[in-house]
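*Asks:* Sequence:
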Amino acid sequence: MIQRTPAVPRAIAAKVRPPQRVAPPTELPAVEPVELQDLTAEEARAYNAGIPFVRGPKPAAQPFRFAGDAAALARATDCLAAAGWYEAGDDPAGQRAVVQVVLNRLRHPAFPKTVCGVVFQGAERSTGCQFTFTCDGALARHPSAPAWDRARKVAADALAGKVEKKVGYATHYHTDWVVPYWSSSLDKIAEVHTHLFFRWTGWWGTPPAFRRAVSRDEPVIAALAPVSPAHQLGAALTEAEAATAAAAPLLAGAGAPVPAATPLAGDEDAFAMVLGSDSPERYGDAARAACGERARCKFMGWTDRAQLPGSATMTPQQIAAMSFSYLRNKDAGIERMLWNCKEFPRTGPGLCMRRQAVSQLAPPSGATPAGPEPLDGVRRREGAGVRSPSPSGEGLGWGASSGATPAARPHPQPLP
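Quick note: the sequence shown, position 114, residue 114 per this note's numbering, numbers continuous.
Do not take every clue at face value.
As the list claims (entries may be wrong) - List time: in silico EDC-like cross-link candidates among lysine to aspartate or glutamate, alpha-carbon distance up to 20 angstroms:
| hint | residue 1 | residue 2 |
| --- | --- | --- |
| 1 | Lys188 | Glu293 |
| 2 | Lys165 | Glu191 |
| 3 | Lys113 | Asp149 |
| 4 | Lys162 | Glu268 |
| 5 | Lys166 | Asp278 |
| 6 | Lys330 | Asp278 |
| 7 | Lys153 | Asp91 |
| 8 | Lys330 | Glu293 |
| 9 | Lys162 | Asp149 |
| 10 | Lys113 | Glu124 |
| 11 | Lys113 | Glu27 |
| 12 | Lys113 | Glu32 |
| 13 | Lys58 | Glu191 |
| 14 | Lys153 | Asp90 |
| 15 | Lys113 | Asp217 |
| 16 | Lys165 | Asp91 |
| 17 | Lys342 | Asp269 |
| 18 | Lys162 | Asp278 |
| 19 | Lys342 | Asp304 |
| 20 | Lys58 | Glu124 |
| 21 | Lys188 | Glu35 |
| 22 | Lys153 | Glu281 |
| 23 | Lys342 | Glu281 |
| 24 | Lys330 | Asp267 |
| 25 | Lys166 | Glu191 |
As the list claims (entries may be wrong) - Cβ pair distances, simulated, as ranges:
| hint | residue 1 | residue 2 | range |
| --- | --- | --- | --- |
| 26 | Gln232 | Arg55 | 46 to 54 angstroms |
| 27 | Asp217 | Ala49 | 13 to 21 angstroms |
| 28 | Ala306 | Asp278 | 31 to 39 angstroms |
| 29 | Asp90 | Ala49 | 21 to 29 angstroms |
| 30 | Gln317 | Arg294 | 25 to 33 angstroms |
| 31 | Pro109 | Ala70 | 24 to 32 angstroms |
| 32 | Pro229 | Ala41 | 35 to 43 angstroms |
| 33 | Arg65 | Glu27 | 27 to 35 angstroms |
| 34 | Glu335 | Trp203 | 55 to 63 angstroms |
| 35 | Ala138 | Arg294 | 34 to 42 angstroms |
| 36 | Pro92 | Pro316 | 50 to 58 angstroms |
| 37 | Gly137 | Glu27 | 44 to 52 angstroms |
| 38 | His142 | Phe53 | 17 to 25 angstroms |
Note that these hints are calculated values from the structure, not bench results. Predicted model, so just to flag it, every value in this text is computed and none were measured. The C-beta atom is built at its ideal place from N, Cα and C for all residues, glycine as well.
Please put together the full structure from these sequences, using the hints given.
*Replies:* And the structure:
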């Protein structure tokens, strides 16, 4: 028995904008923003039910295999998993269909050349994003760990060549309770639960149109950092690259290649960088670029490459050799830049690091009198009374003075 598609009610059809013309093979079709026809959910369902599925061949897409490095693959997997989970929920069939649409777009010349670029196309605008979860606030809601693992498995399978045949070469989809403006100009080819899938009409919906070479470099998506370690690390590296670009003028002529500002292990808000000695007044630009929009950040620079630390735990020698430091704590209203005034003389109060000599003496062999119990936040000077805490920020690990260098003492370490 053959069931006929119900006709679209005339009153509803009158509300729908007529379809656009079919783009010829010589003209790239336009990617329209997600704008909806002015229909109620009931009217949309009636209209969608009245649109027949296209007749003729509906070939499955060719397998796609990601060719980038491990870091790019991790970012692509998480972008693809996010599209599947946020668009289809914890539903493997729906996720596979959505993921296939993303990969179809990836190989079509009308869309970006990266997985993350396709998923987050237009996300910088409140309207115009291609996948609504990227710009409607849905990213504030996070999947459970098991659900995220399942979505990543679907994404990983697709990037390794698994194909969802049912949706063919679909590049668009929507739920059955809405009608986007573009739906009337496309071929309806599949239905998965409450989602309807479409391909472009004419040559742009045929297999030869999906042969565009794609990029192996996946961008970092900061919005995915809460659920994606790959994008957390990538965001830090991107900020480091920005810092290097900002510091390029002051590093020019420094001789050997200079590494980027790198996050320090043990403190996600701390960065270290080798700086040139030609333009110390521009060190602040490199620091702000490395810190980006962080509310709390520490940036430290050395002109001596050999002293650059690999983690937030530094030796006294590395601290003493530090050339520049920057501290930001927006909650406390602090933003401070300090120079090693022995290396770069500064004029004016509060610009110089406090320098103290690094002890080279061997520890005493005998017992040392314990003396009074130390108090938190209070320093004691040898042979003197109690000194109140410095107002310059020592409690945060940073100190400043007007440039005077105190006499060497054997035990205290230098503070930047």
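*Asks:* Are the hints correct? Go through all of them and say.
*Replies:* A quick look at each hint next to the structure:
Of the pairs offered as hints, the one joining Lys188 and Glu293 is violated, with about 44 angstroms between alpha carbons and a cut-off of 20 angstroms exceeded. Between Lys165 and Glu191, the direct Cα distance comes to roughly 12 angstroms. Compliance with the 20 angstroms bound is thereby established for this hinted pair. Taking the CA atoms of Lys113 and Asp149, the gap is near 25 angstroms; set against the 20 angstroms cutoff, the hint is violated. Straight-line distance between C-alpha atoms of Lys162 and Glu268 comes to about 37 angstroms, which puts the hinted pair past the 20 angstroms bound.
The hinted pair formed by Lys166 and Asp278 fails the criterion: a straight-line CA distance of about 62 angstroms is larger than 20 angstroms. For a cut-off of 20 angstroms, the pair hint linking Lys330 to Asp278 is broken: about 30 angstroms separates their Cα positions. About 12 angstroms separates the Cα atoms of Lys153 and Asp91, which keeps this hinted pair within 20 angstroms; it holds. Simply put, Lys330 and Glu293 have alpha-carbon atoms about 10 angstroms apart, close enough for the 20 angstroms limit, and the pair holds.
Of the pairs offered as hints, the one joining Lys162 and Asp149 holds, with about 17 angstroms between alpha carbons and a cut-off of 20 angstroms not exceeded. Only pairs whose Cα atoms come within 20 angstroms are accepted, and Lys113 paired with Glu124 is accepted, the gap being roughly 17 angstroms. Between Lys113 and Glu27 the CA atoms are separated by roughly 18 angstroms; this keeps the pair inside 20 angstroms, and the hint holds. A hinted pair counts as satisfied when its Cα atoms are at most 20 angstroms apart, and Lys113 with Glu32 qualifies at roughly 18 angstroms.
With a C-alpha separation of about 13 angstroms, the suggested pair Lys58 and Glu191 falls inside the 20 angstroms cut-off, and the hint holds. Taken as a hint, the Lys153 and Asp90 pair is honoured in the structure, with Cα atoms around 12 angstroms apart against an allowance of 20 angstroms. Distance hint between Lys113 and Asp217 is fulfilled; the C-alpha atoms sit about 9 angstroms from each other, no more than 20 angstroms. Proximity of Lys165 to Asp91 is assessed by CA-CA distance (about 17 angstroms); at most 20 angstroms being required, the pair is judged to hold.
For the proposed pair Lys342 and Asp269, the alpha carbon gap of about 27 angstroms is over 20 angstroms, so the pair is violated. At most 20 angstroms may separate the alpha-carbon atoms for a hinted pair to count; Lys162 and Asp278 exceed this at roughly 55 angstroms. A C-alpha spacing of about 14 angstroms is found between Lys342 and Asp304, which places the hinted pair at or below 20 angstroms, so the restraint holds. Among the hinted pairs, Lys58 with Glu124 is inconsistent with the structure: their alpha-carbon atoms are about 34 angstroms apart, more than 20 angstroms.
For the hint linking Lys188 to Glu35, the alpha-carbon distance of about 18 angstroms falls within 20 angstroms, and the restraint holds. With a C-alpha separation of about 50 angstroms, the suggested pair Lys153 and Glu281 falls outside the 20 angstroms cut-off, and the hint is violated. For the hint linking Lys342 to Glu281, the alpha-carbon distance of about 15 angstroms falls within 20 angstroms, and the restraint holds. Restraint check: the Cα-Cα separation between Lys330 and Asp267 comes to about 17 angstroms, which is no more than 20 angstroms; the hinted pair holds.
A distance of roughly 9 angstroms separates the Cα atoms of Lys166 and Glu191; the hinted pair therefore holds under the 20 angstroms criterion. Checked against the hint of 46 to 54 angstroms, the pair Gln232 and Arg55 passes, with Cβ atoms roughly 48 angstroms apart. Between Asp217 and Ala49 the CB atoms are about 43 angstroms apart, so this pair departs from the stated range of 13 to 21 angstroms. Between Ala306 and Asp278 the C-beta distance comes to about 19 angstroms, which lies outside the given range of 31 to 39 angstroms.
About 27 angstroms separates the C-beta atoms of Asp90 and Ala49, a value consistent with the hinted range of 21 to 29 angstroms. The given range of 25 to 33 angstroms is respected by Gln317 and Arg294, whose C-beta atoms sit roughly 28 angstroms from each other. Remark: the range hint 24 to 32 angstroms for Pro109 to Ala70 is upheld by a beta-carbon distance near 27 angstroms. Between Pro229 and Ala41 the Cβ separation comes to about 39 angstroms, which falls inside the hinted range of 35 to 43 angstroms.
At about 30 angstroms, the beta-carbon gap between Arg65 and Glu27 stays in the expected band of 27 to 35 angstroms. Between Glu335 and Trp203 the Cβ separation comes to about 57 angstroms, which falls inside the hinted range of 55 to 63 angstroms. Taking 34 to 42 angstroms as the suggested C-beta distance range, the pair Ala138 and Arg294 does not conform, at roughly 25 angstroms. Checked against the hint of 50 to 58 angstroms, the pair Pro92 and Pro316 passes, with Cβ atoms roughly 56 angstroms apart.
Hint check: Gly137 to Glu27, Cβ distance near 36 angstroms, so the stated range 44 to 52 angstroms is violated. For His142 paired with Phe53, a C-beta distance near 36 angstroms fails the hint of 17 to 25 angstroms.
Violation of the numbered hints given earlier is confined to hints 1, 3, 4, 5, 6, 17, 18, 20, 22, 27, 28, 35, 37 and 38; the remaining hints are satisfied by the structure.
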